[in-house]
Every structure is written in C-alpha cells, then in structure tokens.
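Protein chains in written order, with our numbering: chain A, 1 to 188; chain B, 1 to 188.
Don't take every hint at face value.
Since the list gives no way to pick out one identical chain from another, each pair is judged satisfied if it fits inside one copy or across any two copies.
[Stated by the list, open to error] Mimicking DSS-like on lysine-lysine, the simulated pairs with C-alpha atoms at most 27 Å apart in a straight line are:
1. 51 / 64
2. 51 / 154
3. 181 / 120
Simulated from the structure, these hints should not be mistaken for lab results. This structure is a prediction, so every number in the text was calculated from the model and none was measured.
2 protein chains.
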Amino acid sequence: MGRWEPNTRERLARAALELFGERGYEQTTVAEIARRAGLTERTYFRHYADKREVLFGGSDVLRKVFATAVAEAPASDAPIDVVAAGLEAVAAVFPGRETARQRQSVVGSHPELQERELIKLATLSAAVTEALHARGVADPTAALAAEAGIAVFKIGYERWIAPAEHRELADLLHASLTELKAVTAGSR
Amino acid sequence: MGRWEPNTRERLARAALELFGERGYEQTTVAEIARRAGLTERTYFRHYADKREVLFGGSDVLRKVFATAVAEAPASDAPIDVVAAGLEAVAAVFPGRETARQRQSVVGSHPELQERELIKLATLSAAVTEALHARGVADPTAALAAEAGIAVFKIGYERWIAPAEHRELADLLHASLTELKAVTAGSR
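Sequences are here, hints too, so could you generate the full structure?
Here it is in structure tokens:
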C-alpha cells in the first residue's frame, strides 16, 4: 500500500486500539502500532505527534464539523439552537459505539489521556465560541452557549458509551440538551 | 517562624507569584520560591507536589466550599438553585482580584498550567455532581447542573479578572448564571 493512502490515520488508530486492548497502553510502543498497521514509525509521526495523539485523531474532525454547522445554521436561529445544530452534525459523523467504548477504556484509566481529552474539549469549546462570534453573537452569550453545548456533548457521549445503553448518540445529545434546559429553568 | 506555621502555604504561593512575575515561570526554581518565603525546599514539598501545584493551592478550598454549600442548601431547592448557592459561597471566600490577575498571567501563558487548570475544574465538577447525588439528585440532572455551575464559574471568573472590570465576583457569577438561563431558554 502506498504511503499516501488516504486512510493511513484510521489504520494507525485501529492498530493502536487493538494493541492497547491486547497489551495495555504503557506496554505498547509507537513502532509496534506502526508495524501492526503495516506502516513505518516515520509514517506514524507524520500523522500523530506522539503515542497519546493517535487516540485523539477524531477531535479535529469533530471541531470542524461542529464549527461548520454553527456557521451554516439559519441566521434567525437563537444561539442555543445553533449549538443544537452543531451537536446534531457531530452525532451524524461519529464512529461506531464499540470503537468509542474501547477508546474510553484506555483514556479513562490513564490520567495523561484524560488531561488531553479535557484539552480537546476546551479547544472544541473555544472553536464553537469563535464560530458564534462570527455569527455576531457577543460574549458572554457566545461563551455560555458554547460551554452549554460542550457540557451536553460530554454528558450525552458518556451516556452513549455506558454499558447496555442502546439509544443513538443523536437521541442522547438531544435528550441531554432538553434536560439541561429543564435544569437551568429550575425544574426539579 | 516555626515549620508548622499555619500560613506556610499562602507564603509559598505569594513568593511564587512574585518570582514568576519578576523572572518568569520557567526561570524560577522551587528552591528559590522556598528561599523567598523564608522556608526550605523540603518544607515546600511537604505542601506542594511540584512547581505547578503552588498555583493551584486554592482549588481544594474551592471544592470543599462549593460542595459544603451544595450539601447545606435547603432540601426544597431545585438543583440549579443549589448550584447557585455553591457559587455564592465560592465568591465569598475568593482571594483578591489582583492576585487572581497575576496568577492568570502566568497560567494563561503556559499550556501545562492551563492543562492543570482544566483538571482542577473537572475535579470540581465531579465533586459538585457527587454532592448533588448525596442530596438525592440523579444523573444526568446532577451532572448537567454541576457542568452548568462550572461553566458559569469559569466565565464569571474570566470576566472578573478581565482588565478594567470593577464588578464583584459574586455579581458576575450571578449575572453569568442569569445569562446561561436566558441562553438555554433560547432568548437571543
């Protein structure tokens, strides 16, 4: 397979998840991930800065999809509806639940991976805030709407990957936003 | 001064902020911080695990104050009002704005400090969620109310330390919560 094969990033991510599951995160090297994917270590580092980053390859996509949906929502939409459109767009491109669960079992048991997860979420929040600014939404409304969206994403996503959960991500994000509205409205 | 002097932590934090301001964060060593505070490096490490941690000494206090206020709010209060009581309690114990601004100028320019700030906020959110669980509030309501509270805290705090801002932290937290309610209600 050629070095410019378009799904190189995905192959590396899949190989990494397999190896992390089989041997543990610490016990796996970048060289082993590359080998499992049928690629070289050099190719790995063209796509990911370090061993951690292979678990966060989706976060750029997530950010772009969310920000694009915010930018393209009807001009008359209230900020929270714009954020809801972003969440819907994100749910539509998300990879499979089993992959997400495998990934979570690695991330959840390593503090340095949880740190990076928090950074990615903060970056996502900043990107959504910026996309709202570009629509003419001022702060603090923009920042609060973005933070509300990230909170909904975080909690909806956690519910989605919970054991025995069968509802779809889109439904859980929608339900979580509805619940956030009820919570802030002061319903019990 | 004796080694068990109660304000040792505060002295170290003050010395650290002074030195970070004068020489820069990277250029300052733990030994220098201890010396400036009139203490030994060994004493420093009894109070803070590393150089970063001296900037986050307040986060334990913050967490306890917030969680205690949540625990002690009237049983009839809705979760969002319980969270509002927590924010009020936090505002009442916060140190001065100038110290917070000095601290922010260091944290804001170092990614590894911003990371730790995010971790502290996530820990705060988890503590508030737990305190809500203890009141009998179930998830996802508890987690969403806690996340809403942390978002309000984050944004109210950022506004408070912004240049030329004169309103008090309590007022800015209250205003930010009111604005979050308006945002999620879909007002423009």
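Hint check results:
no.: 1; hint: 51 / 64; verdict: within (23 Å within a copy, 36 Å between copies)
no.: 2; hint: 51 / 154; verdict: within (23 Å within a copy, 31 Å between copies)
no.: 3; hint: 181 / 120; verdict: both (25 Å within a copy, 26 Å between copies)
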